[in-house]
Amino acid sequence: MDFLRPASWEEALAAKAEHPTAVPIAGGTDVMVEINFDHRRPEYLLDLNRITDLTEWQVGEESVRLGASVPYTKIMEHLRAELPGLALASHTVASPQIRNRGGVGGNLGTASPAGDAHPALLAAGAEVEAESVRGSRLIPIDEFYTGVKRNSLAADELIRAVHIKKADGPQQFSKVGTRNAMVIAVCAFGLALHPETRTVRTGIGSAAPTPVRAKAAEEFLNAALEEGGFWDNGKIITPSVAKQFATLCSGACNPIDDVRGTASYRRHAVGVMARRTLTWTWESYRGARRLTEGAA
Amino acid sequence: MRVNFTVNGRPQEADDVWEGESLLYVLRERLGLPGSKNACEQGECGSCTVRLDGVPVCACLVAAGQVEGRDVVTVEGLADFAKQRAEHGGCASGACGTSLQDARQWAAKGTDSQTGEGTGLAPIQQAFIDAGAVQCGFCTPGLLVAADEMLERNPNPSDADIREALSGNLCRCTGYEKIMDAVRLAAARQGEAV
Amino acid sequence: MAPNGAPIGTPTKVTQGSRTKGGIGESTLRPDGILKVTGEFAYSSDMWHEDMLWGQILRSTVAHAEIVSIDTSEALKTPGVYAVMTYDDLPTDVKNYGLEIRDTPVLAHGKVRHHGEPVAIVAADHPETARRAAAKIKVDYRELPVITDEASATAPDAILVHENRDDHHIGHVPHPNIVHRQPIVRGNAEEAARKADFIVRGEYTFGMQDQAFLGPESGLAVPAEDGGVDLYIATQWLHSDLRQIAPVLGLPENKVRMTLSGVGGAFGGREDLSMQIHACLLALRTGKPVKIVYNRFESFFGHVHRHPAKLSYEHGATKDGKLTHMKCRIVLDGGAYASASPAVVGNASSLSVGPYVVDDVDIEAIALYTNNPPCGAMRGFGAVQACFAYEAQMDKLADAVGMDRVEFRQLNAMEQGTVMPTGQPVDSPAPVAELLRRVKAMPMPPERQWESSEGADVRQLPGGLSNTTHGEGVVRGVGYAVGIKNVGFSEGFDDYSTAKVRMEVVGGEPVASVHTAMAEVGQGGVTVHAQIARTELGVAQVTIHPADTRVGSAGSTSASRQTYVTGGAVKNSCELVREKVLEIGRRKFGTYHPAWATAELLLEGGKVVTHGGEVLADLADVLEGESVEIEAEWRHRPTEAFDLRTGQGNGHVQYSFAAHRAVVEVDTELGLVKVIELACAQDVGKALNPQSVLGQIQGGTLQGMGIAVMEEIIVDPRTAKVRNPSFTDYLLPTILDTPIIPVDVLELADDHAPYGLRGVGEAPTLSSTPAVLAAIRNATGLELNRTPVRPEHLTGTA
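Top to bottom, those sequences are chains A, V and G. So for the first sequence, the UniProt record's numbering puts the first residue at 1; every next one is plus one. So for the second sequence, the UniProt record's numbering puts the first residue at 1; every next one is plus one. So for the third sequence, the UniProt record's numbering puts the first residue at 1; every next one is plus one.
What the hints contain is simulated information worked out from the structure, not anything from laboratory work. A hint or two may mislead.
With a straight-line Cα cutoff of 30 angstroms, these simulated DSSO-like cross-link-like pairs (lysine-lysine) come out [claimed, not checked]:
| # | chain 1 | residue 1 | chain 2 | residue 2 |
| --- | --- | --- | --- | --- |
| 1 | A | 149 | A | 235 |
| 2 | A | 215 | A | 149 |
| 3 | G | 95 | G | 288 |
| 4 | V | 83 | A | 74 |
| 5 | G | 288 | G | 319 |
| 6 | G | 136 | A | 149 |
Let the sequences and hints guide you as you build the complete structure.
In structure tokens form, the structure reads like this:
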């Protein structure tokens, strides 16, 4: 095993081009477990800790450019307003110690269906900034996950940042585990309301081979909200709409039975989370509307 | 490979480090600092919690090569770290830790830890002893580092704050009740001292 | 006083030393506390020696197979490798070990019987070198069908897990794949059943729990010049290890010198050997010190677990709520090797009725040999599984009769004088009804504690930080349970401890030192030993010598027995030392004061005093130029074996009792549980160190909660392989899962025990689990006959 310590992003890209099998290590919270348990012996470890701009973020007009190694703790502390869904998801990641080290880049690199950031990224809308010595590209989050623990990165590419749309409405994230802290998702659900486009987006974790959106559920809800004039009248969403949304979210799952839970439970739980997060976000949207109207 | 970094304020150099080694292994097996514990080596138990550039992390999940040039505080340096913080009214960089050359079985001296006077413990360490928060003690070093850091950030934590901050540190002996007591005690004493 | 006004026992009295500071009854602090908070306390995994090698164990990747061949040649060629050993390299004819039955191969021979069984061992200069070399060992397995349950174990054509058994249980078991069977028959259950107005039956399943001590199995073996070996090790019983290790090495016991290093928890999981023999073999083979440290993955294969169990119960009750009879059958899965299974069977059967009066019983408990992971000792030891089942039955019966569940239990509660199903009368306080009264009387935790001015605090809700509910679907439930656990080793076992106590003057001060082989695993035995010495010898200064095999056996740190038995031995040796000290005093100063001739002299505050408090001499003067040292064994009352057909016999030494009230909040839609409170009341006879007593009760309570809602080793029934050997998927309660645990301690002396004390450690682990289950049933209305209960069981999605 070789340990590569690039001092700059350019050096890191060059190293990855020269050694495409090199495994990037930043927070180490995935890679080191595999090494400690003898599940993996990469030829090269590519340490990204010395590249400080990976731990920085920029808040732009439309989106936040989040460095791949920004620790979850920082997202919770500093980006709660801009990225509320991701901030909530960050808070559910493992333990404080892990949140101090791990970042979204690692979640994306590992591309485990159980990664906590995925549903929030899918719901908010995001693009992954991947780069190699050949150049840089933005991969839409919907195209990023290609299989169980597989993503659309080329062998010589590294994740530099994630561009996440700033919230234009309420967002929620919910995750089921059989413990009240420090738990890997049995399944997870992210929901974002986008009042500007009058759309909703979803993200489901750990209930299919990859993180997925519940597109049929989104389309149903978009239509139902539009038809009922809900965006304008701010009425409470009817239980039948919420129920149908939940059912469609369950239907978007393609889960398995494993030691963490049954497929049947995962489908059920995603439905419950979908209904609850819809209630929470919609209540929040209605509350914000009332405030705005009150001020006007 | 060779790794140079600072531990408890003292420069350290580790040689012939295998690239897959963790910071935890280097501390325990190469630097004679076995206070950070190896309970799970998968980031699930917090027994190896150390401060890396001031931030609590699981030493088992930091590759040895990643600490080059960085600053680590372990439980062995916690008392000095807390003392310097108290003196400077802020974050301490830590001073010399205890270097353990030979690991030996413990031998209780004539006195027991009734007061801890003169031993120069950090307030959180003394509180753990006083509250009965130590049984087998394997989780204790990690809990101390995590709890000390929490009290640095949040001097008046609610019970829920304590539970959240320590949710990454498993204990199998105590049922956590005495650990809660210890952290409350340390916070109260910290409050009195100010 | 008991609810009916009858006396339930007498409080404990102490005379000698009751005026010495730091004696029994005070919450003195741990002597190892400072070392443990500074990181200096040396655990077995902290051992280090110049030139030491690292040992690595190659384990079977399948559960049941013949070993066709093992090829170690590539491993041996690896640079940095000093030794590779297999069964063929074992030095003597003794190639097996075991606590009671020597059925466990040091290294597999011809066959592996469970997933993760040791097949070969490697010593190398770095752990990674050792791992890579172990990976190069080629083992050719021919897989066999796996035996995983009672049906497959006792099928007519079942493969025998152990052929040619010659242990002392084979004569009375119905099938060679049954390790041990213990029936208990008393009265006539069939006939008594006719008196029942209500009959309740239940089938219960108890999952496989892991001790999950945090300090992994580890140790350092150092070869000695005399051909022997020094072993620094974390264990629960040094001398039991020694008796199993020495014959395999071909060494006399005095050439295997064992020293207890720091033990990072045990809970039964260190009763059996793990890496002890392997490290010694490699050290003796290479002539170099060898350290072995399991990682967490290996630890799940490196020790036995709590027996999973299937329990069938039938109870009857009259319409006024009196129990008529009980029939039960308990099937424990012992896994591939016997370990402590026979004793677990004895406990499960003899305690299967619980702390209730039932005169007519028909009980059977068995342990199976299967290809599942070996199971043995864990805190509660057979009594835990039974308590889960009989407490579920009590709730069902109370409901059938139409009585309050606590009152129903109180009506049938045993008390001092009750005769156990084994025919043994309970001859010390058994305040079962009172303990229930006390937990019920505690104030209830407030409702809806998650509500705050800033909205729901998810940390106080089921799901916690995962943000699954803000109160939706959350229903509160309350449940009660009470249990009975035996203290000490039972069934005729010669259960003794040894203590060496020395008294002398050091620097002008009288000092006592206590040397035992007791394994301090965190429980605080070392604290208590110093307290006993202060009480008995009236000195301030007590030195606790490290535990090793240079002193006689202290028995196991198990069965809630150490304070009773080794504490008793320390007390006894101190008393003998005290007599010697007084003899010296009489010899030196007897002529100065007539009181020396009277019998009642005490040692207090560093002085010899009369019962009235008059000072006769300073201990420093008495002991000047002299020292007193006594090593003596001490035994509790003998017990008897249970009759193999009727289960009758005075099998137990002492019983201990705890009751719990669980308050839970269940997200009934998602099936997530938050335990809000686990209130406990326990009789401890005499709290030698009240703070330690609370620590034991709270810790035991939480382990009981773990198996109620999250902890379980999952074994694939098709392959008998473990599916979740890690802390990622074997979940322990975090501090955020943990309820408040208020404790009400009762101290009713057992006159047969030192200071009247009662073993503390295990009883709280029993009743915690069924109390939580009862509370979840109360919240959900579901029957829930299995533990742990998982979200899918609460949502109909299993």
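*Would the pair residue 95 of chain G and residue 288 of chain G pass a check requiring their Cα atoms to be no farther apart than 30 angstroms?*
This hinted pair holds, its Cα atoms lying about 22 angstroms apart.
*Can the restraint linking residue 83 of chain V and residue 74 of chain A be considered satisfied, given a maximum Cα separation of 30 angstroms?*
OK: residue 83 of chain V and residue 74 of chain A at ~28 angstroms, within 30 angstroms.
*Quickly compare the C-alpha distance for residue 149 of chain A and residue 235 of chain A to 30 angstroms and report which way the hint goes.*
41 angstroms, violated
*Are residue 215 of chain A and residue 149 of chain A close enough, with their CA atoms no more than 30 angstroms apart?*
22 angstroms, holds
*asked:* What's the verdict on residue 136 of chain G and residue 149 of chain A, does the C-alpha distance respect the 30 angstroms limit or exceed it?
replied: The given pair, whose Cα atoms are some 28 angstroms apart, holds under the 30 angstroms limit.
_Checking one constraint from the list: CA of residue 288 of chain G to CA of residue 319 of chain G, max 30 angstroms. Satisfied?_
Between residue 288 of chain G and residue 319 of chain G the Cα gap is close to 72 angstroms, so the pair fails against 30 angstroms, i.e. violated.
Consistency with the previously given hints fails for numbers 1, 5, ordered from lowest to highest.
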